[in-house]
Each structure stands twice: as structure tokens, then as C-alpha cells.
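Here is how the chains run, residue by residue.
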Amino acid sequence: MTTVPSPTDLDPAGARGADPGGAGRGTGRGRGAAVDDGDAAGLGRWRAAGFVAPAMLVVAVFLVFPAIWTLYLGLTNWRLTGLAAAEPEFVGTENYTDALSDPAFRNSLMLTLAFVFFSAIVGQSILGFALAWVARRLRPAVRSVLETVVLLAWIIPASVVAFLWLALLDRREGTLNALLGTDGTAWLLEYPMQSIIVFNIWNGTAFSMLLFGSALASVPPSQFETARMAGAGTFATLRDVVLPNIRGHILTNTLLITLWTFNVFAPYLITAGGPQGRTEILGIYIYRVALRDGALGQGAALSLIMIIINLIVASVYLRLLRERRS
Amino acid sequence: MRLNTGLGGTAGLLAAALVLAACGSDDDGGSAGGDPSQNAEATEVTLTITDNAIAGGKNSEGAAWITDYVIPEFTAMQEANGVDVTVEFEENGVDDEDYKTKIALDLQSGGGGDIISIDGIWTGEFAEAGYIAPLTDIAGDAVEDWDGWEQIPEAVQQAMTFDDEAYGIPVGTDGRVIYFNKELFAQAGLPEDWQPTSWDEILEAARALKQLDGVTPLQINAGVPMGEATTMQGFLPLLAGTGEQIWADDTWTGATEGVTEVLDFYAQVYGEEQLGDPLLQQEAQGRDTSFQLFASGQLGMLIEGDYLWRSVINPDGGIAPMANRDEVVGWAKIPAREPGAGLNGQDFVSMSGGTGRVINPNTEFPQQAWELMMFMNSPEAFEAQIEIAGARITPRDDVNAEALAGDPLMEFIASEVLPITAYRPALAIYPQVSVALQEATAAVASGTSAEDAAAGYQSELEGIVGDDGSIAD
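In order, the protein sequence lines correspond to chains R and B. Heads up: the first sequence begins at 1 in the working numbering, then just goes up one per residue. Heads up: the second sequence begins at 1 in the working numbering, then just goes up one per residue.
Keep in mind that the hints were calculated from the coordinates and are not lab data. It should be emphasised that the depicted structure is a prediction, and the values quoted were computed from it without experimental measurement. Every residue gets a Cβ at the ideal spot worked out from N, C-alpha and C, and that includes glycine. Zero decoy hints are in this set.
Quick list of the computed label-pair ranges, beta carbon to beta carbon: (1) B/Asp200 x R/Phe90: 48 to 56 Å; (2) R/Ala178 x B/Asp200: 34 to 42 Å; (3) B/Glu272 x R/Met110: 30 to 38 Å; (4) R/Ser315 x B/Asp35: 49 to 57 Å; (5) R/Ser144 x B/Lys210: 54 to 62 Å; (6) B/Ala401 x R/Leu164: 49 to 57 Å; (7) B/Lys210 x R/Ala167: 28 to 36 Å.
Rough simulated footprint, nothing fancy, chain R against chain B, three-plus residues with beta-carbon under 8 Å: (8) 99-110; (9) 275-284.
With the rest of the complex left out, here is chain R (with noise of 0.2 Å):
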């Protein structure tokens, strides 16, 4: 890429046009006009800020005294229990020394790396994507019947899910055992991480197709037209198209889903992070090492270090989808 690192890649009128929503009312001879003065609303500084502050203040609230906090906690030998509940005390960066070099934590980021990668954006993109690209094509009843039976999986509450699915994968009554010949297979204890990486792209799926649904349907059928008068086969079609149009959604569905991946606990109610921690993901490890170990000082400290990593992640997309629209 040859872009020309310039004061107008932060200028908002550089995503012209990008976005046919709503901000796009605030035509371009406005907006030149706004830049200029600062003030497109004609509000005034302190009448803005007052429309602003209590968004603030909730952010800072729920959001900047929590993180903040955490890394104090972070920063003592806090329990849930014992003397060191009562009276904790500070024990400087020991907690993240000790996370940083403790196999146990390098474990489970690798796992949750692995998790997030293979359930995530490979399984819930490319599944969502394929039942979204077969489901345009299908009559309006049988897609709804898809896309109904797609989405339960999504908004059924996580206990229900994970009992049918303690269900489905038991050892000795299993229902997978008993469609598959397989009496006796212990799922969750032999093939443990790709049984909640199986059980997260069924659990999520959902979203990444009606976002790539509506990312479809977005696409101009003209453009199909032409494809198609042109002879293009379907990989064609999808490449040269698709691809192009709906880069941008690709990007924002790949950024929410790794976030969610990467903090998401449900596994902990089918393997519990068993067996032998091999599924002890980020969240299940924390929840481990606070809770049920009690060293919630620890558990702050790899909290930190979790809320670090998201921040990380989330301005590296951020930035690829900014870099895109200038």
C-alpha cells in the first residue's frame, strides 16, 4: 500500500461516501464546512459537552474505574478467603511477573489463541458465510426455517445449550454415541478442545450469517447480472463481487467475534476446563485461579493482562478498517 501518511487520514470526510447510512446526509459541502469551525451542530463547546458528559461519565464509571481498579488489585496478594482476605497487601508486579512465566497462563493463552482462531474465524466466518450465500438462493419459507433453526442455537440461554450438549456428547448415553457406533467415546476428555470449538461455531454462527446476509443483499444484483452475462462461475462471481463489496463487513464480523470468542466462558458448563486444564481458556483460567483457587489478586492481574490483550486486538482491526475506507 502507497498511502501517503497525511492530516487527512483522520479527517472524517476521507470515508466519503463509504458509508450510504446515515452520516452520509451531512452532505460533503457541509461537512468541508464543519471541519473548519469545529462545530457542525452550531451546539457550543459547553452545551456539547453537557450533551456528552453523562455518556462520560457512564463510560468512566463502568468502564475506566473498573480497569483501573483492577490493576491496583492486581498489584496485592487480595483471597476470597484467609488472612490475606482480611488484610491484603501489596505485593508490587509479582502477580504479573508470575502470570507472564507460569506455564499454566501460557497454556491457556495458546488455547484460547487456538479457540478463538479455529472456532472463530475460521468456523463461525466461513459456516455463516456459506449458509448465508445458500440461503439467498432458497425459497422465502425454507430460508426463514434455516436461518430460525441457525439463530436458536444463538439465543437459547448458555446452561440450556450446555446440558443438550452434555447430553449429546456422554460417554455412556450419549446421543452421538449412539448415532455413531461409538459406545464408550469419551468426547469432552479425549477430543476435549474440539468438542467446545465444535460446540462455539454451532453456538455462534448466527451472527456472522445475518450479518453476511445483510452484507449480500447490499451487494447490487446489477453487478450479479453483469458477472453472470459475463460467464463467471461461482468462485468468480464470488471473488471478483462479492468480495470487493462486502470487504468492510468481512472486517467488522471478524473484530466481534474475536472479541467475543476470546472472553467467552460457556465451555466452562460442558468440560470445566478439564480435563487436566486442556480447555482452560482465558476466562475459565481466570474464573479457576480467582474463584475457585480464591487468589483474586492473581485473577485481577491475568484480568488486566486480558482486558490488554482485547485493547490490542480490537485497535489492530480498527485500524485495518480505517486504512481501508482512506
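Let chain R serve as the given structure and place chain B on it in line with the hints.
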């Protein structure tokens, strides 16, 4: 707009952090209770009982006792005194570890029921954290005047005592035995009145059972998912069989000969011979599954406390009821590794624990809560409990004398097991050591050698108690 959605994704995580943060912001975990005479003359009182018991689930008979006896009787009793009492029952039906987490968070945030049932082994860590307080600090002199204390043996009171102060009233004690299925034993050519005298005899019986189709010979609790059950029903009774204790003479037991021998026994059970099913020990719900297998006659032997008999395979209200329990289930004392090798030179060993009830130091009605405690621990209440829930070892000698007659297993435990039993150390740090033991058994059950697992336990232990000579090895 795009930026907002990005922040939204992070919000969930930060919200989780907030939960931790909110827990930390307490300054009311107050050590000692408040004023014992607070609200003493109140005529409208609300009290909440919290227990890990739930109708139709865990300890359902205990839940029935509270809802059908304690609440109506106590309410009526107070009404006669002109006090309008509402007693609420907060039911739980989860693993002990989850229950512990929950009530620790309750107490830390200054909430929780007025009377809370806890495992005696949590007393130390809860007391040190200031979550619970000595009963006399909460309810005053009335506590010392209670005539029930002299009915409760010293060893049983110990379960709820920390630093020589009573933090709660024990609800009883228990003992551990080897349960076995007599029908399976008969099929394998083993005697109905089986009583092994060494670990080898347990393994021999297991090998005989191994010949039967579809039968797991023996399950010795191992692994972390089973929590304290692994330590109490598995590791510690076996360790007592080697003549060692987990804490003795002010030192913790590290990778000693006894610890290695116990882990080696695990290796024999879960190793090549597959006398037990190692996968079961790794399952998140493994303990419940082992109960179901035993109840359905697919498991030959199981070390458990009288809880199994009373609340699990009880044909009347158990969670894995066994209609023919009284005919089919046999029991035997847990042998030492070999005769005379056990703790104090004993031939047989066991472990006992006990749960109890504490008063929440944050209670608004300390006097009324103490009255409810006394009521729940009165001889009449225990008799009613036995009527509703069946025989169990109560803390009161006066009740036990009659209560246990008629239930052969409970009589056996009272007369044969309690005299040879041992208790866990009432130390705040014990639960952490217990987890280290569970991890060691988990390692062996999944193929690590006993020596390596013992070494791993030793270094875990050093991390917990410090490497300053407080570990014996």
C-alpha cells in the same frame, strides 16, 4: 460508529472486571460481630437460613427438615412469645466448592443468610478473613449459657472451632468406609462379609471383579473435579493407612514415603490393569456418575462417607436411589496398607469431618438468630430430623444413643469407625494443600509415575506454605 462497537465488545470484559472490583471495595467485612443486643426486642423479625440442600436435589431430606419442621415450628414458637418471625430458606444444590465460593462472596460483600451452613474445614480461612466471628461475639453471653454444649463431644466441637473459640455449632460428624456390591462380589466368588486387611486384598478383590462384564471394579476418588471428596475419600484415608498424617508436629507432610505409597496405590488402580476407570475421575460430573454406576450395580467398590448411604443411594429420597440398598450393599472398614501399618499402629483407619452452622456477623437480629440456632440444635429438632431424613450421627450424645439404633450402617460407623478415625487439621491453609493433593492424584490417574507426582506435590506445597522447614519429607 465502528469505534463504538469495538468498545462495546470490550465492555463485557470490563464488566467482568467490575465484578471483581466491586467485591474488593468492601470495608464492611467487619471482623467481630456488632452489638449482640441489636434489635433484641424487635417484634418483627426476618431470618434467612442458607444451606447446600435443595428440595428434589442435593440433601433433599435436609431441605425437607428445614421447610417442614424448623420453619413452621420456630415461627409458631416465636408467635407464642408475641414475635412475628419470618424464616426464609435459601436453597442451594451445587458442588461443595461452588457453594463455598458463593458464600465467601456473600459474606465478603456483607450479605448472605443469617444462619449459614459451612463445612467445618472452612472455619479457619473464613475466620481469618473476618467473614465469621466467634458465637459469643455475635450473640453474647447467651451462647455460653446454652445447655447443649455439654452434649457435644470435644472432638466434634473441634470441627467448628478455630483458635479455641467456637464459631459455630456442628451438625454432626461422619466416617468413611468401603462400600461394596454384594451381588457383584458373589458373582466374582468373593465373600459377602468381605473385610480386607491390607491394600493388596483390596486390589485382589478388584482383580476378581475385573473378570465380570461391564463392571468397573473400584473407584478411588482422584482428581480436581471431585474437590475435597478426592482428599477426604481417597488420599487421606489411604495416607492414614501408611501411618502418616497430612499435618503433624507443626509440619506439613511433603513427598514422604507414605505419600509416594499412596500415589503408587492410585497408579495400581488406574494404571495398566485399569481396576478403576481413570476417565471417570477427569469428568466434570464424575462423582455423580460414580454414584449412579454404583447404584445401578456397575461399580464394585467405592470409598465414601455415610453421606452415600443416607443421601445418595437411599431408596427413600437419595439422588441415586437404590431400591435394594439394604440387601445388596455391604461395607467394610478401610484397611491400613498392611496390618498394623496405620496411624497409631492401627489395622484399620478412617477420616471424619463435619459440617456445622454459623451465624452471619452481619445479621440484623443476633439474638433471634442465636435462638434459631439453639432451636435447630435442640434434641427435639434432631429427633424430627431423624424422623424426616433417616438416621445420621448427630453431634449430641443424648440423641445419638437412641437415634442410630435400627440403621446398621450408622451403628457400624458409630461403634467401629469413629473410634479409629482421624480429622483434618483446622488450619486456614489446608484447603490449598488439599488442592495440591488432588492435583497429584489427577496426575497419577492420567499416567504420571507416583514418584514424579509426589515431587510435583512437594514443589506445589513449597509454593503454598513456603520452603522454610515447615515441610517434612
